[in-house]
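Keeping the supplied structure of chain R fixed, place chain Y upon it in accordance with the hints.
Chain residues, written in single-letter form:
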Amino acid sequence: MTRELTDHSIAELSSLIRSRTVSPVELTDAVLERIDRHDDTLRAYISVYREEAAARAKEAEQEITAGRWRGPLHGIPLGIKDNLYVAGRVTTMGSTIHRDFVPEDTATVVSRLTDAGAVVLGKLNLHEYALGGTTDNRVFGTCRNPWRLDRSPGGSSGGSAVSVATGLALGALGSDTSGSIRVPASLCGIVGLKPTYGRVSKYGCFPEAWTLDHVGPMTRTVTDAAILLDAISGFDPRDPASVDLPPTTTVGGLSADCTGVVLGVDEKYFFHNVDPEIEAVVRAAIAGLERAGAVVRPVEVRGLRHGDHALTVIDTAEASTVHHANLRDRPQDFADDVRLLLECGELPSAVEYLQAQQLRRRLRQEMQRVFDEVDLLVAPMVPVPTPTIGGSGAGVFSVVTPASLLGLPSLSVPCGLVDGMPVGLQIIGPALADQRVLDTGRAVEELGLLGSAGPTAHLDRE
Amino acid sequence: MDPIAVRLLRARGIEVPVGDHQEVEDHWQSLLAGRQGVDEAMLGDFDIPLVFPAQGHDRDA
Numbered sequence: 124m125t126r127e128l129t130d131h132s133i134a135e136l137s138s139l140i141r142s143r144t145v146s147p148v149e150l151t152d153a154v155l156e157r158i159d160r161h162d163d164t165l166r167a168y169i170s171v172y173r174e175e176a177a178a179r180a181k182e183a184e185q186e187i188t189a190g191r192w193r194g195p196l197h198g199i200p201l202g203i204k205d206n207l208y209v210a211g212r213v214t215t216m217g218s219t220i221h222r223d224f225v226p227e228d229t230a231t232v233v234s235r236l237t238d239a240g241a242v243v244l245g246k247l248n249l250h251e252y253a254l255g256g257t258t259d260n261r262v263f264g265t266c267r268n269p270w271r272l273d274r275s276p277g278g279s280s281g282g283s284a285v286s287v288a289t290g291l292a293l294g295a296l297g298s299d300t301s302g303s304i305r306v307p308a309s310l311c312g313i314v315g316l317k318p319t320y321g322r323v324s325k326y327g328c329f330p331e332a333w334t335l336d337h338v339g340p341m342t343r344t345v346t347d348a349a350i351l352l353d354a355i356s357g358f359d360p361r362d363p364a365s366v367d368l369p370p371t372t373t374v375g376g377l378s379a380d381c382t383g384v385v386l387g388v389d390e391k392y393f394f395h396n397v398d399p400e401i402e403a404v405v406r407a408a409i410a411g412l413e414r415a416g417a418v419v420r421p422v423e424v425r426g427l428r429h430g431d432h433a434l435t436v437i438d439t440a441e442a443s444t445v446h447h448a449n450l451r452d453r454p455q456d457f458a459d460d461v462r463l464l465l466e467c468g469e470l471p472s473a474v475e476y477l478q479a480q481q482l483r484r485r486l487r488q489e490m491q492r493v494f495d496e497v498d499l500l501v502a503p504m505v506p507v508p509t510p511t512i513g514g515s516g517a518g519v520f521s522v523v524t525p526a527s528l529l530g531l532p533s534l535s536v537p538c539g540l541v542d543g544m545p546v547g548l549q550i551i552g553p554a555l556a557d558q559r560v561l562d563t564g565r566a567v568e569e570l571g572l573l574g575s576a577g578p579t580a581h582l583d584r585e
Numbered sequence: 038m039d040p041i042a043v044r045l046l047r048a049r050g051i052e053v054p055v056g057d058h059q060e061v062e063d064h065w066q067s068l069l070a071g072r073q074g075v076d077e078a079m080l081g082d083f084d085i086p087l088v089f090p091a092q093g094h095d096r097d098a
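Just so you know, the protein sequences line up as chains R and Y, in that order.
So for the first sequence, the numbering used here puts the first residue at 124; every next one is plus one.
So for the second sequence, the numbering used here puts the first residue at 38; every next one is plus one.
So that you can see chain R by itself, here it is in the shape it has in the complex (with noise of 0.2 Å):
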């Protein structure tokens, strides 16, 4: 009973909480029994708020059966990355110098969904200040991959990729300054999205590069991501980058029909060092979205392959501010990854930083071009195979820039195995059309190419 209840969508479950068929108490109960069973192997967590998880799924339970229903997170239990702040709660960022911080502020993303009476499980393991790809945490310990206990589940919300995929949380949040949701969603095998920049608040996230940095939801489907982006969106006042909108309303208008729509691809860039397997998947994929009766067209983005330059200064320098003063004071306390990425990103000069946001810019007029002669455009996410633990992980993040420079929506959904290994397909839409990118994502799935696979069996065989 406890895997069929946490193998559930969040869109499942919520009918049946709000037809009283499951309660929130048998839910969380469910999720934390599994998290006491699997965490000590897979780390994707770095504190879990047992208690008060129970007594939020319980008050959810009072107000359901009062016909207080909030909405479609009510008594769903989440996890939420650790660089996100919650009020009184410690927030390390997965760092040893912020290892007893406590915030006095709650991040809005947490507010927002602790308002649509969703139960906070705890917070998730990350790469050390969300400044690397791994989730190899030396203070909290090395993530891994559930469908390979050997490889990494990437990162740097590699807690969130793997509490999601096993069960140990129905839906998290994750943060993406280059790829730190959509990478390790791929490679995990479930929905990661980045929606549009501004379009989700940052306040209360711990910076990673503010120019770049976003929050989204990582989930199993992509209606659950869309319900959780509907619950986290909107204009935020305390967040100066935020767009003056209301918060989304995506799932309600979520529709698998992708007749007429024009997908590019730009083999230039995306496809020119593709592991052979992976790319005949990801062209599977295509092909079936073709077949659907989506419309395939080559397209070239000029000068894209400078954005990865860019993308590299603006993200390394921007970090290097935030951390600027304990990388002079106290560098030891730092991973020695972090530190070597620290001190790479004191180098850019003041022109060179100024020229990538020129740069920056420029590609964006050039995107929107190409966005004037297709609805979306389609990639691998990680064009090479999952790296093991330890590994060097070369390629990993290889074609996340367009979207992460230019603050388009993107999405990563499960489209395929290679070698039992999951493989995502990469959906970038313009500025503002989070909802065609879901759209988009619901296509694939219904191609079914994932087939029943899934990271659990093995682990509820131990």
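Possibly wrong hints are sitting among the right ones.
Among the chain R residues that face chain Y by a calculated CB cut under 8 Å, a handful are [as the list claims (entries may be wrong)]:
| no. | residue |
| --- | --- |
| 1 | 450 |
| 2 | 463 |
| 3 | 471 |
Simulated restraints on C-beta separations [unchecked claim]:
| no. | chain 1 | residue 1 | chain 2 | residue 2 | range |
| --- | --- | --- | --- | --- | --- |
| 4 | R | 181 | Y | 45 | 56 to 66 Å |
| 5 | R | 262 | Y | 59 | 25 to 35 Å |
| 6 | R | 477 | Y | 67 | 11 to 21 Å |
The set of hints was computed from the structure by calculation and includes no laboratory data.
Glycine residues also receive a C-beta, built at the ideal position from the N, C-alpha and C atoms.
Using the frame of chain R, we list chain Y on its own:
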């Protein structure tokens, strides 16, 4: 090893551990390569310059 990158960091008050020198240097070289690429892109890859051209500074001047 070209010590420019390490000297730059020292000037900002950051002592780079010896074990990091080579990787910092490698990153410095990749920045230089990227910089050259961007300089070329301003003339090559785009229809319009990256910056609206001031008189006397546009690419045809």
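So, going through the hints one by one against the coordinates:
Because the beta carbon of residue 450/R sits about 6 Å from the nearest beta carbon in chain Y, less than 8 Å, this interface hint is met. Hint on residue 463/R holds. Least Cβ distance to chain Y is approximately 5 Å, under the 8 Å limit. Evaluation of the residue 471/R hint against chain Y yields a held restraint, the C-beta minimum of about 6 Å falling below 8 Å. Between residue 181/R and residue 45/Y the beta carbons are some 57 Å apart, a value that agrees with the proposed interval 56 to 66 Å.
The supplied range of 25 to 35 Å is met by residue 262/R and residue 59/Y, whose beta-carbon atoms lie about 26 Å from each other. Taking 11 to 21 Å as the suggested C-beta distance range, the pair residue 477/R and residue 67/Y conforms, at roughly 19 Å.
In summary, this structure violates none of the numbered hints.
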